[in-house]
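> Residues per chain are reported as follows:
Number of protein chains: 2
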Amino acid sequence: MKKAIFSTEISLLRRTIQRLLRRRADDNLTKILRKTHPADVALLMRGFANSDQKTIFNLCPTFNHKAKVLEELDEALIENMLIDESSINISKMFLYLDTNDQAAIIGMFPEEKQKEILQKIEVEDLEDVEEIMSYPDDSAGSIMTKETFTLNQNTSVRDSLKQLQAFPENDKIFYVYVLDDKEKLMGVLSLRTLATSKNTNKLKDIMITDIHAAKSETDQEEVATTVAQYNYLALPVVNRENKFLGIVTIDDVVDIIREEASEDFLQMAGVGKDREILLKSPIENAQSRAPWIFASLIGGICAASIISYFDHLLKEMIVLASFIPVIIGIGGNIGTQSSTIIVRGLATGRVDVANTVPLIIKEIAVGGILGALYGLLVGFASELITGNELENLGLVVGLSIACSMTIATAVGASVPIILQKLNFDPAISTGPFVTTAIDILGVALYFIIASSILL
Amino acid sequence: MKKAIFSTEISLLRRTIQRLLRRRADDNLTKILRKTHPADVALLMRGFANSDQKTIFNLCPTFNHKAKVLEELDEALIENMLIDESSINISKMFLYLDTNDQAAIIGMFPEEKQKEILQKIEVEDLEDVEEIMSYPDDSAGSIMTKETFTLNQNTSVRDSLKQLQAFPENDKIFYVYVLDDKEKLMGVLSLRTLATSKNTNKLKDIMITDIHAAKSETDQEEVATTVAQYNYLALPVVNRENKFLGIVTIDDVVDIIREEASEDFLQMAGVGKDREILLKSPIENAQSRAPWIFASLIGGICAASIISYFDHLLKEMIVLASFIPVIIGIGGNIGTQSSTIIVRGLATGRVDVANTVPLIIKEIAVGGILGALYGLLVGFASELITGNELENLGLVVGLSIACSMTIATAVGASVPIILQKLNFDPAISTGPFVTTAIDILGVALYFIIASSILL
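Protein chains in written order, with the numbering used here: chain L, 741 to 1195; chain X, 741 to 1195.
For reference, chain L alone in the conformation it holds in the complex (with noise of 0.2 Å):
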């Protein structure tokens, strides 16, 4: 195991990777690489330009090193990293894989490539990695490893203990997971209980039967959030008929859940949910943000609209549009807010989709609370600012404040849980998607409000 640095230390790494490229000092590279951990590479690889990056991986001292590395790196850097590589030297680093890993990897070339690579995978692993390649993306199945340990239900606690000594190490053992003879799953043991139970024993006798799994199937966060409620070390996964098929540990659940987070945040400012979004050139960035401004186009265009109707109302007094961009933007932030907290509460499973009035209405109720307060403000400010120079101008801009306020509350609640139930994902562009409805109701509130009070 090598030792793994803190970040102060990483500083320090990059400028002497940073010199050694610059002086082609290949082997002084390769020594430092030797003594990093294969996760510190990989994250100081993020920092350099593409070629720089290929020198890196290129002078890692092993195929074994390289393989670490590559299940550390990003997707996006992957690819880079092994394109040029002959399938012949792919393998040689496969050996060091997981078969999940494996596959993952090889899912990332085109057809032709995958073929030729497959056809150089040791041929044990093949049909692992097969198997895990035709589950679906982000299912239990296609994240699954299938490096795990399992024991026939008869087997004794001496011959458990032997087995064990004989297969390769590998700190990811936590549970012994027993079969029965049809490899179906039986129950499940804890190395402690394995390693403290009298050599006799037959492990069906001392498993635990009342076991938790999933289905190959199972959405990845479904698998995250069960491990996280229950506080599991790993989940086993079986097929319909409760065949044993592989277990996804909790490392992977962290990265799930970090992934999970990740995605949300991103969609809901409407940025796609690339996650390696920062690693993409200006014009692929701007090819995933594109469409969700567009959102904020077509809202515009509305409400311009909107205020050129009013066209007559705005000539005679002309302060309204001063109060345009506190009325929309007060709206968009408190709308915002509430969709976040909506958001995030389904994700965490805190927001419960079967009882969602209560919640709209709480939300709506803090509108009103902050809309009264704001309207308050606000109303009194623009008489000041203005010095009375329109009649009841204040009445208008707080009234419209609050009106808009409480119903930016409501936009900002329901859309998340009205996009949950229709079964798309409630983070999709929740944001700009909020505050373009808030910009177009509040520019037609205000001037609705201001045309009946002040004609």
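Keep in mind the hints are simulated off the structure, nothing from the lab.
Any given hint might turn out to be false.
The list cannot tell twin chains apart, which means a pair is met if one copy fits it or any two copies do.
Computed cross-link-like contacts, DSS-like style, restricted to lysine-lysine with a CA-CA straight-line distance of at most 27 Å [to be verified]:
| hint | residue 1 | residue 2 |
| --- | --- | --- |
| 1 | LYS955 | LYS944 |
| 2 | LYS794 | LYS1102 |
| 3 | LYS902 | LYS855 |
| 4 | LYS942 | LYS902 |
| 5 | LYS922 | LYS955 |
| 6 | LYS1055 | LYS886 |
| 7 | LYS1020 | LYS1102 |
| 8 | LYS944 | LYS902 |
| 9 | LYS1161 | LYS1020 |
| 10 | LYS924 | LYS775 |
| 11 | LYS886 | LYS902 |
| 12 | LYS922 | LYS942 |
| 13 | LYS853 | LYS1161 |
| 14 | LYS775 | LYS886 |
| 15 | LYS1013 | LYS1102 |
| 16 | LYS855 | LYS886 |
| 17 | LYS855 | LYS938 |
Here the structure is a predicted model, which is why all the values come from computation and not from measurement.
Given the coordinates of chain L, assemble chain X onto it according to the supplied hints.
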């Protein structure tokens, strides 16, 4: 181990409990609670009214069951469940809790009650609980568990296995921590290595010595990042003299990662950082959200003043008012995209604080590309909508959109980076702050461009 249940079954169970609560069928309720996994009980309780929550908690069959429910319950509810409970009963539940959970719960009470409870705690736990309570909130020390398995480095494998047998069942024992005579951390050993090594070996001969440990004051977020990056199952915590204090386990890290993501979500939207906001009353809820709405108010008043300043321009060309919403709306959207990407990148370590200039330049490039695209689109659209009412209107609107989008990306990307460099949480209210800044800049730009082209 009680069987954990799926989400569909949860709704069914909720309805059953609701019915039994209405009928005050306490015996039946206890029967159901006995069969339900404590994590599920905790999850279910969220949806009930305060008094029902208490009834459910009180009907849990044993102190052990109550303790396990407390372990999984939201903070806001724990206080409520225990506030009327006698210290003696609390201490009976505490018998079944790890010392870090005990410390966390005691920390929720006022000092008087804290002392009372501490007096009733088991003597052997007391010291540990008081130690954990002495570490700052959210530090490795405050979240570590002391219930772990340590052995002296001179112990033989045979004796180690015997001691493991005598140690109370705990499925969180992944590693054996090996200490010297002064309790300094010398190495670590997997259970597998222990179970498969020669009986006469000493631990110091088979342990791994190259290990990573957190200090007691290390921030929990750094602990979580480390565990996630290196795929550890637990991280030992030591003091400045390398004395072993306890471990942070990966299941707690999972909770930390979820909590920190939730906090970032809420903070970005300016909702404060209370993850349990959904459990709070509308008034409490409004209180944590009000301050951040204030930003919009200030921004709105600035924007109003700017627009008033260009009064003369607007009077002549009233149509200009119609495009205020689209200019600030589109700028706000792209600015939020930029700040979300950066905030999330900072949280996951994808953004390197030492090297942010290229990032900001890239964001500005994206702003320029999308600004040119949408400037053209909205420019033409404005000409179409207004039917050439005003010469050069399209040019003014298009140019304003292009400039405000470019500036919005610069602001959106810079604000979180500046916050981070000033040692603030980059997520704090980035959303309201960025959109408000863009409102002001957008309006100012628009009218400056309009007056220089049109007048």
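> What hint numbers does the structure not satisfy?
3, 6, 13, 14, 17
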